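Chemist: Using the sequences provided together with the hints, build the complete structure.
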Amino acid sequence: MMNETTNILIVGVGGQGTILTSRIIGHVTRAGGLDVKISEIHGMSQRGGSVVTQVRFGEKVHSPIIMPGTANIILAFEKLEALRYLPWLKKGGVVIMNDQRVDPMPVIVGSASYPREIIQKIEESGASLLCVDALAKAREAGNAKSFNVVLLGLLSRYLVFAEELWLEAIEKSVAERFLEVNLAAFRLGRR
Amino acid sequence: MEQKLMTGNEAVARGTWEAGATVAAAYPGTPSTEITENAAKYAELYAEWAPNEKVAFEVALGAAVAGARAMTAMKHVGVNVAADALFTSVYTGVNGGLTVVCADDPDMHSSQNEQDTRHYGRAAMLPILEPSSSQEAKDFCKLAFSLSEQFDTPVILRLTTRIAHSQSLVELGEREEYVSKGYKKDAAKYVMSPGFARKRRLEVQKHMRALSEYAEESPLNRAEMADSSIGIITSGVLYQYVKEVLPQASVLKLGMTHPLPRRLIEGFAAQVDKLYVVEELGPFLEDTIKSWGLAVTGQELFSPIGEVFAQDIAAALGGVSLPPLPPDELPARPPLMCAGCPHRGLFYLLHKHKLTVTGDIGCYTLAAGPPLSAIDTCVCMGSSVSMAHGMEKAGHPAHKTVAVLGESTFLHSGIHPLINTVYNQSAVTTIILDNSTTAMTGHQHNPASGFNAKGRPAPAVDIPALATACGVKHVQVVDPFDLKATENALKAALQFAGPSVLITKSPCILLDKKAQFKPYAVGPGCTGCKICLKMACPALGLQEVPGRAKAKIEAAQCAGCGLCAAVCPSGSITRGEA
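Just so you know, the protein sequences line up as chains A and B, in that order.
Residues in the first sequence are numbered from 1398 upward in steps of one, following my numbering.
Residues in the second sequence are numbered from -14 upward in steps of one, following my numbering.
Check before you lean on any hint, since a few could be wrong.
[Said to hold, decoys possible] PhoX-like, lysine-lysine: derived pairs with alpha carbons at most 25 angstroms apart: (1) B:Lys476 <-> B:Lys458; (2) B:Lys537 <-> A:Lys1542; (3) B:Lys169 <-> B:Lys191; (4) B:Lys169 <-> A:Lys1476; (5) B:Lys(-11) <-> A:Lys1569; (6) B:Lys535 <-> A:Lys1476; (7) B:Lys498 <-> A:Lys1542; (8) B:Lys503 <-> A:Lys1542; (9) A:Lys1569 <-> B:Lys169; (10) A:Lys1457 <-> B:Lys191.
[Unchecked claim] If you only want the chain A side, here are some residues facing chain B, beta carbon under 10 angstroms, derived: (11) Lys1434; (12) Gly1446; (13) His1459; (14) Asp1496; (15) Asp1500.
[What the hints assert, rightly or not] Quick list of simulated restraints, FRET-style, between CB atoms: (16) A:Ala1559 <-> B:Glu(-13): 21 to 27 angstroms; (17) B:Ala300 <-> A:Gln1517: 27 to 33 angstroms; (18) B:Gln480 <-> A:Ser1522: 56 to 62 angstroms; (19) A:Ala1559 <-> B:Gln97: 44 to 50 angstroms; (20) B:Leu286 <-> A:Ser1522: 27 to 33 angstroms; (21) A:Gln1517 <-> B:Asp272: 49 to 55 angstroms; (22) A:Ala1559 <-> B:Pro308: 33 to 39 angstroms.
No lab work stands behind these hints, which were simulated from the structure alone.
This structure is a prediction, so every number in the text was calculated from the model and none was measured.
All C-beta atoms, glycine included, are put in the ideal place defined by N, C-alpha and C.
Modeler: Right under this line is the structure:
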């Protein structure tokens, strides 16, 4: 069904929950019978730094790393990080972006300014952009912290896996007391 | 067979368990930490956090000499700490198998230097295995134990960050019921006095020769013949990159990079028109292959600095070059001390008093960047105290210098430098940041945290008593969130005539279950002086109010520590709604 490898780059700020998202995608691709590799960097980057998780799946995956210009989808938890990793996107690829701004320290102390017109810049690059206030949708689902799963719901629209696979994967990956909120968050994103 | 997505580190832990090992010891260090974290989850496997890599290595060696299969894991710089034991353990050899896992960090994602552990294979004379996936991480780990026993030597399993932290599919196996070989007294093998060591040196030579023969036939090394116009010799994750971008090329995949299979490599070279080596961190394989008189190309095409990626291989060997990445002119997003971090206030004070600060390895290195800019040096574990001592002996004023290090780093290699300040009489002020955890690597227990690697209660080192026992006459403990008390304690320690120790004690905010998380807010009295911003808190920022900028606090991020309120000259920052 899928001869080409699909590349998804998940970018954000350390502590935003990118790792849970990649874990769920991993479960879904496995349930779909595909080979998958996921790569992330731990350590220093956890402390509020720029973070990247790379997910690659298909019939047979060799490298765990996505080459610049080859990501099918960039799932961005923060706007500046979406812009930073735009060169990794394939021509005409999809950017799913949380409409949230988190100022990095150089901006906080005034030695740099937060880039303006990020949406226009991404659209001008030829990417198709889906920009959503995932925090608002997560609050609607019952907990602002579930915004990563709202983003996952948005992502699921672009992938071939059936809804049940996603719901099962979420069940496997989140604690039971947060399950209802996360399932609701996923559905709000997917719709 | 059940398949599971696993990181290389999880797979090494699984391999250790499947091999029937019963002892694992390590000190945390990115990217190797999760090996021992995961090993500790297996009930049949005793796992411990040792104070440092040398201790961990010796624990594992002792277990192997006693007849068990044992594993120790460390990051590349940890190998330097363990090297003393490593080099002579090659002479004693083992009894039960000993696997030494070393994780290198090309591009220094979380490290202070780049090192290539393969050089230790040559220098210490022992075999090195290099997996290229999580499946191989598990398989090679198991094989390392049996090779260790077969050739009577420790075996290094070398990972890099991309193997350690990438997940791929692993087939799970059963645990081998390994029966301990039992300890047999053998002074000629285990007592490395010169007379015995000279005899063992000959044994090392013998087993290295035998390992060279093994390398020729081992399934670890395999030629994948295809288009003969290009032949590539490679190992580790680079093998995956080569398969990704040059699926038609002939590849000699080396799972064992020391000792090298000379005949296999010569045979491969003879079958291809042009021979390349694809490797990271410099010409380790290439230099040896060239020394045999073979024509091979490598380092002219690839940088010895940082990582080599698939696109670099495509550009160098496939003639496919990707458009160059545009320069990143966007604001950088460096990692920061967390909101509510107990270290923040101290570094604010060190900056305020314009002190020279010799730093160390841990979260607090994050205080080196602006606006705190409060660290002068950071070299290796424990170096803060010894370097401050050296600066003082060179005439740098003691009352203007402090050494800072976390309690885990202090227990790793800070105790000897502290003894040195007493014995050799300097007036170094050592500040031990005790947050009850090894935080930077992801919160592992340590000898002062009160728990062991399995999460069970354990005796905790009394750090003030330890400092006193070393002969330090001025030892004080303060709560770092009490800025005034901390400032007074700092002044007193700096003024003390001999060596002094100041311990700032407060748990890491990420683990502090008692933390209030009641956010602070900026009131209308804010004058826009920006003094609070000097705290480098991710919850603080500026809001653009017409006319002048005012501070703002992101309530969702604020941990309620109150340090910003403590430094606000106009008293405009208060807890709760403004």
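Chemist: Give a verdict on every hint.
Modeler: Here is what the structure says about each hint:
The suggested pairing of Lys476 of chain B with Lys458 of chain B holds, with an alpha-carbon distance near 16 angstroms, which does not exceed 25 angstroms. Only pairs whose Cα atoms come within 25 angstroms are accepted, and Lys537 of chain B paired with Lys1542 of chain A is accepted, the gap being roughly 22 angstroms. Restraint check for Lys169 of chain B and Lys191 of chain B: satisfied, since their Cα atoms lie roughly 22 angstroms apart, inside the 25 angstroms limit. Taking the CA atoms of Lys169 of chain B and Lys1476 of chain A, the gap is about 64 angstroms. The hint is violated against a cut of 25 angstroms.
Distance restraint check for Lys(-11) of chain B and Lys1569 of chain A: the Cα-Cα separation of roughly 13 angstroms lies within the 25 angstroms cut-off, and the hinted pair is therefore satisfied. With a C-alpha separation of about 24 angstroms, the suggested pair Lys535 of chain B and Lys1476 of chain A falls inside the 25 angstroms cut-off, and the hint holds. Straight-line distance between C-alpha atoms of Lys498 of chain B and Lys1542 of chain A comes to about 19 angstroms, which keeps the hinted pair within the 25 angstroms bound. Taking the CA atoms of Lys503 of chain B and Lys1542 of chain A, the gap is about 17 angstroms. The hint holds against a cut of 25 angstroms.
In summary, the hint linking Lys1569 of chain A to Lys169 of chain B is not supported, as the alpha carbons are separated by about 49 angstroms, beyond the 25 angstroms threshold. For the proposed pair Lys1457 of chain A and Lys191 of chain B, the alpha carbon gap of about 42 angstroms is over 25 angstroms, so the pair is violated. With a least beta-carbon distance of about 5 angstroms to chain B, the hint placing Lys1434 of chain A at the interface is held under the 10 angstroms criterion. With a least beta-carbon distance of about 3 angstroms to chain B, the hint placing Gly1446 of chain A at the interface is held under the 10 angstroms criterion.
The beta carbon of His1459 of chain A is positioned within 10 angstroms of a beta carbon in chain B (closest approach about 4 angstroms), and the interface hint is therefore held. For Asp1496 of chain A, the interface hint is violated, the least distance from its beta-carbon to any beta-carbon of chain B being 15 angstroms, above 10 angstroms. Nearest Cβ of chain B to the Cβ of Asp1500 of chain A: about 5 angstroms, under the 10 angstroms cut. The hint holds. For the pair Ala1559 of chain A and Glu(-13) of chain B, the beta carbons lie near 23 angstroms from each other, so the given range of 21 to 27 angstroms is met.
The hinted range of 27 to 33 angstroms is satisfied by Ala300 of chain B and Gln1517 of chain A, whose Cβ atoms lie roughly 32 angstroms apart. For Gln480 of chain B and Ser1522 of chain A, the hinted distance range of 56 to 62 angstroms is satisfied, since their beta carbons lie about 60 angstroms from each other. A beta carbon spacing of about 47 angstroms between Ala1559 of chain A and Gln97 of chain B agrees with the range 44 to 50 angstroms that was offered as a hint. Between Leu286 of chain B and Ser1522 of chain A, the C-beta spacing of about 31 angstroms keeps the proposed range 27 to 33 angstroms intact.
In this structure, Gln1517 of chain A and Asp272 of chain B meet the distance hint of 49 to 55 angstroms, their C-beta atoms being roughly 51 angstroms apart. Range check, Ala1559 of chain A to Pro308 of chain B: Cβ separation about 37 angstroms, and the 33 to 39 angstroms hint holds.
Hints 4, 9, 10, 14 from the list above are not met by this structure, while the remaining hints are.
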